[in-house]
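There are 2 protein chains.
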Amino acid sequence: MFLVHNLSGSLLPELEEQGAMRRNDYYIPVSCEEKAADLGNTKDGGDSKYDSIPLSSLKSDEAASGPKQGPTFQDGQRRVDYVLTYHVQKPQSVRRKTSHFGDYRILRILRRSLSMMKGRDMPPPKEDPEVAAHKHRLDYHEDDKRFRQTEFEDNLREMGLELEKDEGNKIPGIGFLKIHAPWNVLCREAEFMKLKMPTKKVYEVKQGSNVVERINLFIRKVTAPLHPKVEPNRAQNVKHLSHPFSREKQHLFDLSDRESFFDSKTRASIVYEVLKRTRCTKAKYTMGITSLLGNGVYTAAYPLHDVGILPHILSIPMQSQALCDQATLIVSLLVLQGDVDGMGPEANDRKILYEEWASYSVFYKYQPIGLIRKYFGEKIGLYFAWLGVYTQMLIPASIVGAIVFLYGCATVDNDIPSMEICDPRNNITMCPLCDRACSYWELKTACGTARASHLFDNPATVFFSIFMALWAAMFMEHWKRRQMRLNYIWDLTGFEEEEDHHRTEYEIQVMQKTLKKQDMSPKDKKVKLTCTDRAPAYMMGLFTMLFMVGVTFAVVFGVILYRISIRAALHMSSNPTARSNIRATVKGTAAVINLVIIIIMDEIYGALARWLTLLEVPKTDKSFEERLIIKTFVLKFANAFSPIVYLAFFRGRMVGRPGDYVYVIGSYRMEECAHAGCLMELCIQLCITMLGKQLIQNNLFEIAIPKIKKLIRRRKSDMDSQQQEDYNMTLQRHEKDHFLGPFVGLSPEYMEMIIQFGMVTLFVASFPLAPLFALLNNIIEIRLDAKKFVTEVRRPIAARAKDIGIWYNLLRGLSKVAVIVNAFVISFTSDFIPRLVYQYMYSPDGSMHGFVNHTMSYFNVSDFQPGTAPLQPMHLGYEVQICRYKDYRETPWSNTPYDLSKEFWAILACRLAFVVVFQNVVMLMSDFVDWLIPDIPKDISLQIHKEKILMVELFMKEEEGKKLLRDNHANQSPLQPRSRPASHTPSN
Amino acid sequence: MFLVHNLSGSLLPELEEQGAMRRNDYYIPVSCEEKAADLGNTKDGGDSKYDSIPLSSLKSDEAASGPKQGPTFQDGQRRVDYVLTYHVQKPQSVRRKTSHFGDYRILRILRRSLSMMKGRDMPPPKEDPEVAAHKHRLDYHEDDKRFRQTEFEDNLREMGLELEKDEGNKIPGIGFLKIHAPWNVLCREAEFMKLKMPTKKVYEVKQGSNVVERINLFIRKVTAPLHPKVEPNRAQNVKHLSHPFSREKQHLFDLSDRESFFDSKTRASIVYEVLKRTRCTKAKYTMGITSLLGNGVYTAAYPLHDVGILPHILSIPMQSQALCDQATLIVSLLVLQGDVDGMGPEANDRKILYEEWASYSVFYKYQPIGLIRKYFGEKIGLYFAWLGVYTQMLIPASIVGAIVFLYGCATVDNDIPSMEICDPRNNITMCPLCDRACSYWELKTACGTARASHLFDNPATVFFSIFMALWAAMFMEHWKRRQMRLNYIWDLTGFEEEEDHHRTEYEIQVMQKTLKKQDMSPKDKKVKLTCTDRAPAYMMGLFTMLFMVGVTFAVVFGVILYRISIRAALHMSSNPTARSNIRATVKGTAAVINLVIIIIMDEIYGALARWLTLLEVPKTDKSFEERLIIKTFVLKFANAFSPIVYLAFFRGRMVGRPGDYVYVIGSYRMEECAHAGCLMELCIQLCITMLGKQLIQNNLFEIAIPKIKKLIRRRKSDMDSQQQEDYNMTLQRHEKDHFLGPFVGLSPEYMEMIIQFGMVTLFVASFPLAPLFALLNNIIEIRLDAKKFVTEVRRPIAARAKDIGIWYNLLRGLSKVAVIVNAFVISFTSDFIPRLVYQYMYSPDGSMHGFVNHTMSYFNVSDFQPGTAPLQPMHLGYEVQICRYKDYRETPWSNTPYDLSKEFWAILACRLAFVVVFQNVVMLMSDFVDWLIPDIPKDISLQIHKEKILMVELFMKEEEGKKLLRDNHANQSPLQPRSRPASHTPSN
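Protein sequences, first through last, are from chains A and B.
All letters in the first sequence, in the order written, are residues 1 to 988 by full-length UniProt numbering.
All letters in the second sequence, in the order written, are residues 1 to 988 by full-length UniProt numbering.
Just chain A, with the same shape it has in the complex (with noise of 0.2 Å):
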């Protein structure tokens, strides 16, 4: 043990270590820590590891009954619930001070083996005087620090927790404080927190009636294939009845097996709700386990993961060679079989987990919900059921978005108004497309585009995007239904969610304020921040969220520059290839560079908000998420739809007319759109951005560069990998959570989430295949997510939670915002009702024969402003008297030549009324739908009635059987039991 801390000196524990790693293993540090005190050779600051000595003597009170399942106590008996870990001193700093130390270190030693004698832990007395003042010399942070930990170990002792200590075992500069909640305390607490747990009470589920029941069966037998082979997840008519846990009504409950009754996640949270309620008091200001952990004073806290994924941990190399004696090889043995016995091949929870849920090749199944929750907790078990939900509900939408784009490729060929711009027959001149260096050209050569936008741009679209609307609404109402289906199953009915702990950078602020206030008044009031001490957070806040937004859209400017001045450019130059390819290339680079700014600045953003909200300090981490969740969603919501929006509803329409040109920055003229509208070049943004930026975030950030993390991290350790998996061997579980990366919340993944649904939903009238492309992408994501919080992060602490609570409201919004962009898309960027206005005002036969011809107004080449006229007017081979451009306007020789015409004014009429008629009727529809589908199924609101009838049930027949007992006793009369009528027992 003593090599290790002479070692210990560095940064990077795996260098250096793992020679003498493998000789500790399974190796009890408190008796070998005894004989390195006894040598004088340890180091200082091991104040409060002592305690763990007298923890770790094996205590009989415990119900000690079989192996236990999860890691253990030293003593392989009392689980590990929870891990603190903190600091502890550089070994390196220590060896300086050890001969001045080595006289009280040994008077403390046999201070502790008396107490230990005493078969009781008692908490760490005061320092003694001398010890105190030798300890001045140390730094006075780390005392500091010490002080607390002691206090705040003493607290939980005294709450009733049992702890232990395991520090620098094989990590050096790391100590764990293994926590241990007895039976008493998990009742307690149990009680406190009001969990609803099972009791023995069974009853039948019904399925409805006997068709119902048919029609049900028949389901899961189709569908068995695609459930995961998962114990709870099989048909089940049977339920406990639940009933908020209460040591007075302990007969409800089958305690038979104590160690199950709780389960890790349930014993996680309790541990973690006495942590939360535990304070340090007696320093200068109190403390609860987040300032502890925001100050340092502890640097984690995280509970277990279940012990092994993987069958072959089994193996573990026997390499205990550095026993200390013989005593300790025994127990150390006995620990290993501890160890042993939870890592076999018996499924754990996590093994489940990690071959029925993390892994690509299940991809096709439904999600072990229930398992998820069981062992994550009811947070993310909502998590990954909505995602579930979602990519459920996304199959639908993108077999009709499917075949939506089927059926405008299958149209493409029947489209007059394509046809009629393809036609040579049809030699219609257009003005010039930009100053000076474009000249006149032809209609037809536009003739590829008109043809691919009509594959987005046709009747089904319009169909398509009611069709979404309702289907955004029927997505929140089946989810809805879900959550409540699932509340029901986890037995939420009752729980109500809580005000979180406040945060520690609250807790400082408010702490530095208070002392503030002191110095003037030293009035003892309660402080806490007001919005005064908020306003310039919020103003500074506010302020970079307007600049950053502005910089979005400057972004998106710049990229528009980009375009024209490109474009330009290469109409300049002579060479023809470069010429012909001009749109495309000008398109494509520029979608890229959007994509690369978006994803660029999508990383910025997520830093700002989180920094934007530390600033405002808010109160608890519920309000701290919430905040941060509306920065990061408007900040990223603006980055990736901003160069959408442009396209959608910007482009082209600023453009001014031949003659009278809108220009920007000098002489660049604005965008103009295809002939066949702006459609065609949403489309191609909306998919670069989709693809590309689930390609690179999923792909990329989420994939290869942790695997390139680790191979670099495995490089610089020397190790070969068979090395490395020997050493990650030896480590006992909460050595191995230390190494995995903390959780770090659901908001990334929901974030992600919201944005691919804002896409799907937002221009879906542009983009049939927007669906298709996220059921790809989602169908990747859960395993991923699945995957990285099996094996990549500690557990989470389980939190309970009836919904997913914000993000259903950014979800509702952004459905409502989806149909009234729908509407704008379809009537202002799609050709749809000018097409329709042809049909029937203006066609003279009712077809679409002249369409093209409708849409095009006339301009008299002589009108050119000067210095403006294309320089090759001859290039067509034919003088151009007048060319056509795509608006609505009088022509040349009318009375008020170029001034908007009766159709502009018609068609316009006619979109509005669109827009009006569509957003009202769709949101009246996805309000039907709302209301017609009630948010609670019947069969669990008809089974929560039954719960409650059954439980009063219960408790009468409890009663009666109470009323009996006392009624024989009163008056030993056995004769008449029952004709005696409840009013006559005695009403005190």
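Since the hints were made in silico from the structure, they are not lab data.
Pair ranges (Cβ atoms, derived): (1) Ile395/B with Tyr366/A: 51 to 59 Å; (2) Gln250/B with His945/A: 24 to 32 Å; (3) Ser667/B with Asn895/A: 36 to 44 Å; (4) Asn895/A with Ile600/B: 57 to 65 Å; (5) Met841/A with Val744/B: 54 to 62 Å; (6) Pro937/A with Leu406/B: 51 to 59 Å; (7) Ser862/A with Asn895/B: 23 to 31 Å; (8) Trp893/B with Ala569/A: 48 to 56 Å.
Under the rule of at most 20 Å between Cα atoms (straight-line distance), these lysine-lysine pairs were calculated in the PhoX-like manner: (9) Lys946/A with Lys622/B; (10) Lys194/A with Lys249/A; (11) Lys249/A with Lys196/B.
Note that CB positions come from ideal geometry on N, CA and C, so glycine has one too.
Given the coordinates of chain A, assemble chain B onto it according to the supplied hints.
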């Protein structure tokens, strides 16, 4: 007593019995009954009546401390918590049979006295075979009822309730079953119902920071005279921590005064809960209380009001002359004493409510919501709280509305368009308003209408519409917060609404279906009503609804035809005064006819909706109510708003143009609007509907008709008012309450308010005074409803409710619809958009000069269709070549004469653009308000959090106490009581 029975054959109890009554006051029926039985002169069917004997034998196991509040059993101790009434056999029919029954009766009485001697009441034994044989002669139905009653009452006793019967005492033909819930039942049920009760633990409610506190105090001082003089409404800085009642946690609660621990409302609802759970199972099919009530086994079920309202109730005439013997006299005096105590001048809740709430003299005060809730329960409390919030919110709305109206009045002289219309120099000749009979007219004759229109059609109206949309959003938010606050104050935070019990009609239907099914296939399976069973009713409902909405439209159309024809007729008449008053006459009579039809149809629709809902056989009362509400809402809404919608959006739009008018039913031309838009007429219609509806429905239906009914009844009863009053005095509480109307639910009250809310928000753009009218109405409405609840109906069962349920959704729906309706009113009904467009697009100098001319097109009189030209073309004194009409059409001399002009399309586009912008901006703002204002007030959420912490602290302290005790017991060492960490307590 026998006198009563001999007389009581009549249906009008008040009529014949007052003489007897007067002598029978405070008379104990039981003892008399016995005497009567001895005389062989009682009625039959009194089987169960005798149950009251053993019950009324003063039991002493109930803690009898001091006089009880409120009505009690005959023993003067046990409070009457609930009353069931039932029909008793008519004495006439009985008298014929009494002689046969004499002997059996004596036998039974003997048995009874025996059981009475034992001091406990046995359930009535099964009928003796002989008696049963005799009974066969009785009406089977009555027998069945009696049988069920007996069983039900036995079951109630089994559940622990105590019963007392009071048959035909003063009101012949009616039996009363008084129910008392003893302490242990109350406790048990309170535990089952998870009633939150105040604990002993008291904590201080923080008012926030010092400044906030001071402001609150100031506001409280200023508004002090507005607060009702009710004790609990005073400033309270402490609140009892509340916790779901549990007998195991009895020590938490202050049970020193058991009588008042559960208040009368809670006691009643507990009894009701037991009643709901109790079922008769012995007969062919099981029946709950709802079925029993529905089948007439019991006729009514109600809790009792607090005793007296008026102080002079004390002066009870002592008229107990016909006493049976000395002993009964003493007992009856005791009873009287008890009653007098209850009726004493010390304030009971009802009296306070009567004085401080149900009185017009306190109209300006806040309502004592806490007391209302205490007396009537949460559901009714919420209604009045909502009504209060609504009325309060109407105050700013009506102030702003009045200002907007005054602005209109003030600016009417500066309005250029109406000045232009009134200017005689603008000699504009208008086309005739009807065919043949009417002639050309000059625009200046429309001067008055134009000026009046400006009152309601000015830019302030647009502002007011936006204001009202935001007002509606604020109102909803404000209500949500208020509701949340009330939930907190009323300890409903953890309460979940329960599925109701089945309705009678549903159970009967199910039973019939079961019987039918069992005939066919005797498989015993649970039957329920499926969609197929209900399909006919649904279809029926749907078609009737559609038909009735059709009828409503037909009525509106009828009124239109009335207007058109009357106008044409008047135009043709030669009476010049009639002709000059045409417009006013037509408008006035049409609006009144509309109003009368609306009020009549309202009543019809109410009945119809109820009938349709009954046909659907909903399962639970809640579902019944919801279905009924939706139906009633649709019908009443269509009824109230279809004339208004017609006026706002259709009138004057389907007119056609001169030379090409639209005709309906032969030769009637559709109505045109007055020159300055239809807004004026819309306004008149709204004004008449609102005022008329409120005046007639409120004052006539709710005040006058009950008064008249009372008068008629009094007339019939041949008593002068003094006699009547005296008779009333002699009645006991449960008898008095029997004469009160049954409580019919809150739906009608809510419905009235919702329709009013519709009037206030939907067309507020056209009638800014609507909020003011609504406010005035509501001030009366509150007190009217209060009076009704306090004095005129039986006390309702206190229902717990967290929110106002479906009404909130309807309000929300209305405020959403209001946005779009107002957008349309502003843009299409008012002249706002045309004015704007003229000012910024067409006006030569940017002013409104020339607007009137611009809005009118030219018509060449030679283009009249044959036979439609005016008969008197020279009516104006000159020949007319060109007349003008209000529309945007091409001139007769253009290429496309009379086609819609470019201006028309431009203005239409602008109108629609305004709709889109207005709708979305206002909706966005509403959502923003919704988002900005948190649903839970901050102080409440903090307090809820604090309560939870306090609760856990309380429990933890308790735990520690327990542990200390245990520790001290275990190891009699008093040395280390605290240093012993919790982890050492045995965990088993």
